[in-house]
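For the sequence shown, our numbering assigns the number 15 to the initial residue and increments by one for each residue that follows.
Since the hints were made in silico from the structure, they are not lab data.
Keep in mind the model is a prediction, meaning the values are calculated, not measured.
Honestly, I wouldn't trust all of these hints.
Claimed, not checked - Listed next, the in silico DSS-like pairs over lysine-lysine satisfying Cα-Cα at most 27 Å (straight line):
{"#": "1", "residue 1": "Lys226", "residue 2": "Lys126"}
{"#": "2", "residue 1": "Lys63", "residue 2": "Lys89"}
{"#": "3", "residue 1": "Lys64", "residue 2": "Lys126"}
{"#": "4", "residue 1": "Lys126", "residue 2": "Lys146"}
Stated by the list, open to error - Now the in silico label distances, taken between C-beta atoms and shown as ranges:
{"#": "5", "residue 1": "Leu202", "residue 2": "Phe149", "range": "20 to 30 Å"}
{"#": "6", "residue 1": "Ile199", "residue 2": "Ser81", "range": "55 to 65 Å"}
{"#": "7", "residue 1": "Phe212", "residue 2": "Val167", "range": "16 to 26 Å"}
{"#": "8", "residue 1": "Val167", "residue 2": "Ile78", "range": "53 to 63 Å"}
{"#": "9", "residue 1": "Arg127", "residue 2": "Asn228", "range": "18 to 28 Å"}
{"#": "10", "residue 1": "Leu94", "residue 2": "Thr206", "range": "24 to 34 Å"}
{"#": "11", "residue 1": "Met160", "residue 2": "Ile41", "range": "17 to 27 Å"}
{"#": "12", "residue 1": "Pro103", "residue 2": "Asn74", "range": "13 to 23 Å"}
{"#": "13", "residue 1": "Lys226", "residue 2": "Leu94", "range": "21 to 31 Å"}
{"#": "14", "residue 1": "Ile78", "residue 2": "Glu133", "range": "16 to 26 Å"}
{"#": "15", "residue 1": "Ile41", "residue 2": "Asn74", "range": "35 to 45 Å"}
{"#": "16", "residue 1": "Leu195", "residue 2": "Ile223", "range": "36 to 46 Å"}
Even for Gly, the Cβ is constructed at its ideal location relative to N, Cα and C.
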Amino acid sequence: MPDLFPSFSSFEYITLFLTIMSCLAGIFAALYTYLSYFLSTNSKKDTGKKYLEIEAYYRNFINIPPSIKTNELLKKTAMLSFNDGVDLPLEITDSLTTKYASEYFYLVSKLKRTSRYFEVNDNVISCKYTEKVLFKKGAFWGVLYMIFGCIAVYLIQTYSWYLETFSTGKSDLNFISSYILITVIFSLASITSLVSMFHIINVGEVSKIINKINIKKGL
15 MPDLFPSFSS FEYITLFLTI MSCLAGIFAA LYTYLSYFLS TNSKKDTGKK
65 YLEIEAYYRN FINIPPSIKT NELLKKTAML SFNDGVDLPL EITDSLTTKY
115 ASEYFYLVSK LKRTSRYFEV NDNVISCKYT EKVLFKKGAF WGVLYMIFGC
165 IAVYLIQTYS WYLETFSTGK SDLNFISSYI LITVIFSLAS ITSLVSMFHI
215 INVGEVSKII NKINIKKGL
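Turn these sequences into a full structure, and let the hints steer you where they fit.
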């Protein structure tokens with residue numbers, strides 16, 4: 015009976031290395047995207063200019079009589095300008111400029127990738143889901159991450175055993191290609207589940223931050 019978990023072969027080291035590098039690349043890409051907004055607004059001069067643009071946005075598109083119709087295209091263009099291209103729903107942007115002016119850029123950075131989980135009621139921003147529902151969503155992705163991750167690790171560790179047991183000389187290339195493809199699929203599924211889990215965790219953190227601000231402002 016061959017050893018179920020043989021010592022790593024060159025193929026296994028390469029596959030494991032590529033998996034680790036993919037994880038690291040995804041983490042660094044997420045961190046870079048998340049922090050880039052802070053870096054882009056670090057200059058006081060740029061921040062001051064953006065606040066002037068926000069003031070003009072509020073004056074031209076929000077603080078106007080109901081009888082005056084606004085141009086949605088111009089409104090969207092103005093919003094994208096002072097948001098550095100962050101495409102938030104207009105109702106959230108209107109709420110931020112009206113009720114959350116002092117925390118505007120901080121909340122924009124938080125809502126950059128989570129805005130679809132939030133809604134506006136009476137000009138107050140809140141999460142669409144309760145903390146319990148967010149926990150269940152995060153747990154779901156966490157379970158999928160564990161399942162797909164365990165399968166991927168198992169496939170990597172047992173490659174030699176499966177190659178000796180099921181492959182023949184003529185079909186080695188087809189077997190290896192299929193095995194690598196299946197391993198990559200489960201690895202990517204595991205990474206995707208992990209990213210989704212952390213995304214839901216981030217949504218929960220943003221929800222807590224907004225709730226604290228709402229309580230502080232008496233909203």
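Each hint, compared with the structure:
1. Among the hinted pairs, Lys226 with Lys126 is consistent with the structure: their alpha-carbon atoms are about 19 Å apart, no more than 27 Å.
2. Annotation: proposed proximity of Lys63 to Lys89 holds, straight-line Cα distance about 17 Å (limit 27 Å).
3. Among the hinted pairs, Lys64 with Lys126 is consistent with the structure: their alpha-carbon atoms are about 17 Å apart, no more than 27 Å.
4. Under the criterion of a C-alpha separation no larger than 27 Å, the hint pairing Lys126 with Lys146 is consistent with the structure, at around 23 Å.
5. Between Leu202 and Phe149 the CB atoms are about 25 Å apart, so this pair conforms to the stated range of 20 to 30 Å.
6. Our hint of 55 to 65 Å for Ile199 and Ser81 holds, since their Cβ atoms are close to 58 Å apart.
7. Between Phe212 and Val167 the beta carbon distance is about 20 Å. The supplied range of 16 to 26 Å therefore holds.
8. The supplied range of 53 to 63 Å is met by Val167 and Ile78, whose beta-carbon atoms lie about 59 Å from each other.
9. For Arg127 and Asn228, the Cβ-Cβ distance of about 21 Å falls inside the hinted range of 18 to 28 Å, so the restraint holds.
10. Distance hint check: the CB atoms of Leu94 and Thr206 are about 29 Å apart, consistent with the given range 24 to 34 Å.
11. A C-beta distance of roughly 18 Å is found between Met160 and Ile41, which places it inside the suggested range of 17 to 27 Å.
12. Here the CB-CB span from Pro103 to Asn74 is close to 19 Å, well matched to the stated 13 to 23 Å.
13. A hinted range of 21 to 31 Å for the beta carbons of Lys226 and Leu94 is consistent with their spacing of about 28 Å.
14. A hinted range of 16 to 26 Å holds for the C-beta pair Ile78 and Glu133, which are about 24 Å apart.
15. Distance hint check: the CB atoms of Ile41 and Asn74 are about 41 Å apart, consistent with the given range 35 to 45 Å.
16. In this structure the supplied range 36 to 46 Å holds for Leu195 paired with Ile223, their Cβ-Cβ distance being about 42 Å.
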